[in-house]
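Protein chains in written order, with the numbering used here: chain A, 1 to 226; chain B, 1001 to 1258; chain C, 2001 to 2269; chain D, 3001 to 3323.
Don't read these hints as lab results, they were simulated from the structure. A few of these clues could be false.
If you want the footprint, here are the derived chain C segments under chain B, 3+ residues with CB under 8 Å [to be verified]:
hint, stretch
1, 2212-2221
2, 2234-2245
Which stretches of chain B does chain A cover? Using the computed rule of at least three CB atoms under 8 Å from a CB of chain A, they are [to be verified]:
hint, stretch
3, 1045-1055
4, 1162-1175
5, 1183-1195
6, 1224-1236
Ideal placement from N, C-alpha and C gives every residue a C-beta, glycine not left out.
Residue-level listing of the chains:
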Amino acid sequence: MWRRIFISILTFVAGLYFFFEYVMPRESGLTDIMPEIGPRVIIIGVTAIFLGMINLTRMHLHKVVRRRPGWYNSLACIIAIYVMFLLTVLQYFFPKTAWVIHTYDTFFQYVRIPLDATIFSLLAYYIASAAYRAFRIKSVEATVMLAVALFVMLGQIPMGQAITRWLPETGYLSWFRLENIKLWIMDVPNSAATRGILFGGMIGTLAMSLRLWLSLERGSFFDAEV
Amino acid sequence: MHASYTVLILIIAFTAPIIYFIVTARRGKELYIRPIAGLEAIDEAIGRATEMGRPVFFSPGLAGLTQIETLCALIVLNHIAKLCAKYDIRVVTTIPQYLVYPVAEEMVREAYVEQGKGDLFSEDDVILILGQFPYAAGSVGIMHREKVAACFYFGYFYAESLLLAEGGSQVGAIQVAGTNSTTQIPFFITACDYTIIGEELFATSAYLSREPVMLGSLRGQDVGKMIIMFLILVGTLMASIQVLAQWEYNWFRELLFK
Amino acid sequence: MADQVQPTADPPDARRARVRTAELAVTGVLAAFITIYIVVRIARADDTSQRMLMLQYGLAAVCTLAIFSFLYRENPIYRFFEHVLVGLATGYFVGIEVVNVIIPNWWNKMVGAKGAPAEWSWIIFPIIGLLWYFQLFRNPRWNWYSRIPIFFFMGYGASLAYKGFFNLMFGEKGQVMDTFRAVLPFTAVGAWDLINNLIYVAIALLVLSYFFFSFKHETNPLLRRSAASGRYLMMIAFGSIFGTTVMGRMSLLIDRLYFLYHTWLGLPG
Amino acid sequence: MAANFFEIMERLDRRWIYLTVFVALSIPFFIPIPLRIEVMPECKDLHERIEEIKQQNEKDPDNAKIVLISISWSANVQAECWPQHEAIAEHCLQIGVPFAAFSFISPEGPQFGEYVLDSIKRRWEGIKDEDFNSDDEELREKLAPLKRRYDRMGKNWREIQYGVEYVNWGYKYMDLAALMTMISDLYGIFPEDYKGAPLQDFPMMKQVKGFVDCALIVEITGSGTLLTWVMYVTPQSGSDLAFACTGVMAPEAYPYFKSKQIIGLLSGMDGAAQYEKLVGIKARGRKGMESQNLAHLWVILMVILGNLSFLYKRKKDRDDSKK
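Put together the whole structure using the sequences plus the hints.
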């Protein structure tokens, strides 16, 4: 029980400075000590970075030792972690040593980046397949969405814009150029709807922050015995 | 920026109702919360899975343990697991965060034990897959292998939403999603049978758990929304009058801002 | 449970074996071609640095194609590269934090590198930070200590929300302030703007009304219509997200093709 | 016949669709398609703002402000963010507005900042000095934006002077407290640049104390970092904010563009291509748009086909149930 009380007090006290920094007038001088706080908080936070590495190593080492299916992949993963770690540190300390920079560059620019970018690029295939399979006028909602999406898609590519290029560039008729329709959709109805969602969401965030700060939050993680 | 006097008043105006309703709810006052349309879909989907005798799939999203979306998702998971336990079917869950994993496992186990079906629960049904794309690929694989009859996606999702929802529709599952990540909602709407949008996710977990703090907070948030609506209506009116009367500035706006 | 796991419509074993052989053959031929191409490119390069570059391009192309192979089917090559990626990303992340943050922002300050006075008091912050590592214990008695930094960060983050909320909504150009728009369309100036403003304010309010939870939508005269229309109006936003996402996702693929065609295969363009 | 077509399409293996996407996107690499990019106001506003900073700096050189590029993107979204970054950096270099780059969420960011500059330099190597004064009017017109740099720098215009024109602060793990600290004092967080040289000693950093001295902050990102700036930094620092993001994020950013919390908005590859047009270059953005054309048309076709087959199936189901 005392632990929970301790945590509640800690949470509350941790928030006090920034709360008062905001509500007190400029003359209070609280803002001036901000440059002293930021650099120190960074250090506390950054100390945690080894956690991910430890966890990942632990999980994969487990697989390698037990010879679980695909253990060689896990081995590759562990090797990759430490090789990349070493290279990153080395290239900072020896920026002039050619082999270090070359190896680092090879691993970063020619293995890491292509892998990362390509995995993400698979989504291009999926969105085309989803457009065919899922994007259907099943309901009024879906129909509205589809119509808007088609206008936006046509309005943002040169070939789509070419359809209405014969319309004048100024004057009332120019409103019906596809790129202007797209701009209008984005700027008026989309922007307003997003703002409506935002208002709700921000109030929700504020309420949640308040509950966290005052330790009123309930639910799995917060109810766990400590 | 430092708070002006108007902002100080607004701080109180937004904070006080939330605290007030949380306190009254905890004292035992019944607070109304509107039913969320997607919730019947959950029952319906589980019902169909029961008829077919196939498991259901659940994903709590990619967010971390301390993010509110994940906490809401876990509450929904608990509810779904209870229903599944009642009808003797399995629920398969994949988790992308190692901190969430033990909590989720506990939630599912608890639900089965509570319904007296502890033997139906298997630890292998809660699966940890780290990393965004490995998670998506692994989850889709599991949907195919298990031939799930229903898929539920609750929590915060990123680009993997489309992969999951496509995978679910390929196996022909009934899908219900609930997320407040605006950028991913379109993909759930297209591929899922029912989508719980934005803040409704929080309301869902409050509705299911009947936790007084959450119910009270929702009520307080509604008051906050009303304040915003009121301010917008007055501000808009004043802005219109400003145009008509050709004032130099909208004094209501200045009042709020100063 | 086993019978549930088994797919019902398995192709006959013979057919499966044939497909398997064909897949292996295609993979082998492709691999051979790629290797030959890379070797030729390296051999024909002018000097060592060019040769190095050709090798690097080749490596990048292999990575790209290995990931693309996932589209055909989940396969061991893909799985291997995926694990490599996870490892490289983690290693890089930790390494960069060490050289970019821990050394300049902590170590140098503490020992007073580059002529600055040493401040040994800085030793205390990583010690507080070490509390994170109690997360590695499964036992709640020890695990508990990791909650100290977690809740410290949560606490100050939560109180900052006030500043953020009011800056965002009620600042000089705040979101609420900007919604105060003139909507009475009977002035001569900018009728079009006024109509747009009316649409704007109306949509924002209708969408917001959808998110009222503690009222009965069916019986409340104000909310009954507005909440329902709010849901439809939100679809406009989701539609535009879908539209721009298509462009976003396609860009990712175009970028990879650009690499494959121009950088690797050396097509003009 | 039509019935068969839809039935086949419905049963079609996904992999065929993938293949057609691959082919559709590949065609423009072999057959170039001429395009006209329409520049939208979101993009023009950002361009004008940077030009304005140049003029202000000329008027008041003792109080020169810098442009800050926040690199919140990394490998996975480089397709969209790289061209945006390249176009904006090129613009700053052309007209001589000093700019800094840093990253607070993407560890790879600063590295990419360097790669982008490398690619700009590589492009410049293809331009000969005499091209600026060539008789070919078309060529002269094309190089007009870059000529401003040539006129200013003379023969060695291809060299980017590190520390005078551009500086890379590097990356730090950061949370809000640190970011807010940087509004008034950035040297507590960034004592050194990304290579370990003292940051404060660079000429362009002499009068820069923190975000308050950045006239414009350009956030280039593939994730939701916009609110961090709008909520915690720019109201206090008084800097303008521009947002260059992946297409996915753009619709969410429009309310802030409307309220002028962000003064410019580049949306995905389209935005990058527009900016490239403004600064007179043809790099990854404009080249990519050629493929975008076919890709979009292909997706639209897919949507139409999908819906036709959906309508067909629904009609058939209804007919069947009537029987």
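Structure-based check of all given hints:
{"no.": "1", "hint": "2212-2221", "in the structure": "holds (count 6)"}
{"no.": "2", "hint": "2234-2245", "in the structure": "holds (count 8)"}
{"no.": "3", "hint": "1045-1055", "in the structure": "violated (count 0)"}
{"no.": "4", "hint": "1162-1175", "in the structure": "holds (count 5)"}
{"no.": "5", "hint": "1183-1195", "in the structure": "holds (count 5)"}
{"no.": "6", "hint": "1224-1236", "in the structure": "holds (count 3)"}
Taken one by one, the earlier hints fail for this structure only at number 3.
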